[in-house]
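Chemist: Each chain, written out:
4 protein chains.
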Amino acid sequence: MPNTIETTFHVRYAETDQMGVVHHAAYIVWLEEGRSEWMRANGTSYAQFEKDGFMLAVSEVNIRYRQAAHYDQQVTIRCWTDEVRSRQVTMCYEVIDTENDTILAEASTKHICLNVNGQVTSMPEKWRQLLGEET
Amino acid sequence: MPNTIETTFHVRYAETDQMGVVHHAAYIVWLEEGRSEWMRANGTSYAQFEKDGFMLAVSEVNIRYRQAAHYDQQVTIRCWTDEVRSRQVTMCYEVIDTENDTILAEASTKHICLNVNGQVTSMPEKWRQLLGEET
Amino acid sequence: MPNTIETTFHVRYAETDQMGVVHHAAYIVWLEEGRSEWMRANGTSYAQFEKDGFMLAVSEVNIRYRQAAHYDQQVTIRCWTDEVRSRQVTMCYEVIDTENDTILAEASTKHICLNVNGQVTSMPEKWRQLLGEET
Amino acid sequence: MPNTIETTFHVRYAETDQMGVVHHAAYIVWLEEGRSEWMRANGTSYAQFEKDGFMLAVSEVNIRYRQAAHYDQQVTIRCWTDEVRSRQVTMCYEVIDTENDTILAEASTKHICLNVNGQVTSMPEKWRQLLGEET
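Protein chains in written order, with the numbering used here: chain B, 1 to 135; chain S, 1001 to 1135; chain L, 2001 to 2135; chain E, 3001 to 3135.
Bound conformation, chain B alone (with noise of 0.2 Å):
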């Protein structure tokens, strides 16, 4: 299966500030976004990982920005997983220019899984083997 998947969407008003162009907070939805796609592409989703009784609590972000983005124009979102451990995931992400495929920006995020009541914990054995973990 492959491990990097992309989405495709245009950028929205809200997203943009008096500068006159994207607020650099959006692209951190996006990247998130872009993490959902990953989950649909692979048969399942975040939804299900949360209805199994877990949560990956975001605990790291880097971001850098390469060009503006504008509104209207369609970006897409690529993300692929790095390092997986059993209690943690890095995701990475390019955020491109959909119609000349150049970066916009990149940017990695790492995650820890918690339970339902918030306390560190082991991914199940099927979202690690579904994440990528390397044995």
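None of these hints come from the bench; they were simulated from the model.
Treat the hints loosely; a few may be bogus.
List of simulated lysine-lysine pairs, BS3-like, C-alpha gap at most 27 Å [unchecked claim]: (1) E:Lys3126 / E:Lys3110; (2) S:Lys1051 / B:Lys51; (3) B:Lys110 / E:Lys3110; (4) E:Lys3051 / L:Lys2051; (5) S:Lys1110 / L:Lys2110.
Take the given structure of chain B and dock chains S, L and E to it, following the hints.
Modeler: Relative to the frame of chain B, chains S, L and E by itself:
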């Protein structure tokens, strides 16, 4: 106890859009913060309402925008309860330019009381009294 | 040309709140995206409207929430123009659960045409025709 | 003049997500509000920076989340300038639980100075001095 409560804060940069003014959806969040402050000023909190096992779901929002708000200016949310029934409450608002007391927007919101299962239910007596139900 | 345009997307996780459902302000952003798609489906874009030297400022939003929307589900925004005048336009909306076609929310928004100086002005003829002004 | 500036506010309900805690993207907006307050506390404003014909575009965000923040609690953003160069500046932050002074998140952001045409340019002398450039 006064029914009209005010809360004042600076407009955040993220709340602007490429028109150079505050995006209209940001006001909806401000109204909610006006409600939160209403609760706090009356000696409790909406957090307590949820701890008591109830939720106030928004069933309707009506808002008229009079003048644009701008980054960095101070805005005041003036909030009061209007019609209070056993299962629902209407709140009213003025969004004010703090410096010159002009009205930027006028709004009302309706809320339905739900229990933890998401079913419509009567508000507890103490909350109806707090909100000002006429008896 | 059909006046009613639909756009469909997944609910984003960031759009939920601690009630476990979509926060009511997120719908306001969805309506805007419905308007953006209306423009695109009619062969132009709101970006072009601004390039032409005009802005459509939101002067009023009225929305009724019927049922809660949830993370990861698909929602469809159905958008059509209602009353079109020289200086203002009213848009109507239904927010739909894509899977079973039930209505999650109904809304209308009013917009005033401004020039680049922020003054109320008549919409250009081509835009009034596009929006469907009756003559 | 002290370089570390604090600003305190209540967590907004809209900033929570269905995990029952503050969504990680909300912190990014808080950092920005910390920067805004830094400017105000130093006798000016970022609004003035833009009026002077410059913009500070965000080129990088790095944030580590230590503990979850919750609706209605008070959080304090502690913000200071780190490295100041002619064309860029690094800001650092701690997001604090106001009540017990524990750290909820630590972050840094990098900013590049642009002119009104979006070109990288040197910051005016008065702004470099304000930000604390070592000479």
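Chemist: When the hints from earlier in the document are held up against this structure, which numbers fail?
Modeler: As far as the earlier hints go, not one is violated by this structure.
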